[in-house]
Amino acid sequence: MRMEGHSLTQQPRPMMNELTSGLIKALKLIISLDPELYQIIIRSLFVSLSAVIISALFCFPFGIWLGLKKFKGKQFVSRLLYASMSTPSVVIGLVILLILSRKGPLGFLGLLYTPAAMVIAQTVLVTPLLLGLTYNTIKQRGHQVQNEGLLLGADSFQVIILIIREFKIDFLVHLMTGFSRAISEVGAVMIVGGNIKGTTRVMTTSIALMNSMGEYDRAIALGAVLLLISLLVNSIVYREAETWK
Amino acid sequence: MEVRIQKLLKKYNQKTILDILDMHFKEGTIIGLLGDNGAGKSTLLKIISGIEKDYEGQILYNGYPLKDCHKQRIGMVSQKPYLFKRSVFENIEYPLKIRKIEKKKRKEIVDGYLREMNLEAIKGQRADTLSGGEAQKVALARALAAAPKLLLLDETTANIHEEAACAIETQLKSYHEQMGCTIIFVTHNLTQAERFCDECVWIK
Ligand SMILES: Nc1ncnc2c1ncn2[C@@H]1O[C@H](COP(=O)(O)OP(=O)(O)OP(=O)(O)O)[C@@H](O)[C@H]1O
Ligand SMILES: [Mg+2]
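Going down the list, the protein sequences come from chains V and U.
Residue numbering for the first sequence follows the working numbering, starting at 534 and increasing by one per position.
Residue numbering for the second sequence follows the working numbering, starting at 1210 and increasing by one per position.
Isolated chain V, as found in the complex (with noise of 0.2 Å):
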């Protein structure tokens, strides 16, 4: 059913002849290797696969050794973890703007609307989500390989090797969690990299600009284009672990 008379400011267009355009669009940017596109796509990429990256380097064995410690206090540890574990991102990206800007702790670095930056505020947001995901896996399941390990003469590095071995597809798994929550946020990267054209734009952001500007097909190609990636890495780690299995 076509909504006339609804709109009375610009011509009627359906929702769905906007969708599709967009789609049709997408499809034309990704072929035309749109350089300003790939740009995007790839920038996204690296700065959340680094902060998942530099994240996880100290999430997993800090989380191996969270789960297999016996501490008082044990339980408000992981209450705390499970409790920031779904910080929104502007939040972490106030938080990182405040310490980078010029008056603040680290302002002397001059990172802030920089890709470093971003890499950063990201790093902060997937930490306590990768830490409290592996900290949970280790908590049920870690002691019996732990203990194993320790009777068949394991020194306590030989135990984390041996543990992230024996969970790594829960850890391939936590690596894509931890991935997919940081390219899909906007908050964090919109504040610290300030969504600069040419150094700090990225997909979720550009989607956002071309959102408040109206060019929905653009915005839609993108979105297309995120959603794809998500779909690739999903299936591509499914895979693997499949294999692993």
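It is worth saying that the hints were derived from the structure and are not from the lab.
Don't take every hint at face value.
[To be verified] In silico DSS-like pairs for lysine-lysine, Cα to Cα no more than 30 Å straight-line:
| # | chain 1 | residue 1 | chain 2 | residue 2 |
| --- | --- | --- | --- | --- |
| 1 | U | Lys1316 | U | Lys1332 |
| 2 | U | Lys1219 | V | Lys672 |
| 3 | U | Lys1280 | V | Lys603 |
| 4 | U | Lys1276 | V | Lys603 |
| 5 | U | Lys1309 | V | Lys602 |
| 6 | U | Lys1294 | U | Lys1316 |
| 7 | U | Lys1332 | U | Lys1294 |
| 8 | V | Lys701 | U | Lys1314 |
| 9 | U | Lys1413 | U | Lys1280 |
Put chain U with the ligands on the given structure of chain V with help from the hints.
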């Protein structure tokens, strides 16, 4: 390795599980450990092996408290052994690998155990897909590969067919003679205890 337990007290949530004044496992003997379900046999083995550290009292290994050099020489097959998600071969190879034994030598030792335990047909199979008895054999081979001087076996032959169990006893005997090791063997099977063990200890 000789083990002496002195004034051991182990509780779970205020409930006393083990209360042993003095117990001695002589070097080079095979000791059968018997007791009802829930008597604390598995708990005692975990304490001796060093993975359970929350207890009162003292355990001496050759006269000394547990040290790293002892840990390297203690082997245990738990009641429900955990096998790594790798092939049977790689499971048995693991203790050799972390002891930095070279590849050729490792293969030799692992192949030896595979042959002795009749596991050659499944050496490439993923260990988490094995049957209960197969898993226990693999866990035993893995523990033996580390060449322990104190071997703790928690109902290791419980899931294994009578004949195969006898075969394993024979292998354990020959390992025991070769190494002069101490074996603590938990079992519910009295005939097996009589046949296999030098002496038996009952716990409450
Ligand atoms: N982690 C634990 N927390 C609380 N109670 C425990 C724990 N582990 C063991 N117990 C209790 O300690 C007692 C001794 O357990 P253990 O496994 O040592 O018995 P067992 O002699 O090996 O029995 P079985 O012959 O059935 O194997 C049992 O009553 C058990 O319920
Ligand atoms: Mg038991």
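### Task
Enumerate the violated hints, using their earlier numbering and listing them in ascending order.
none
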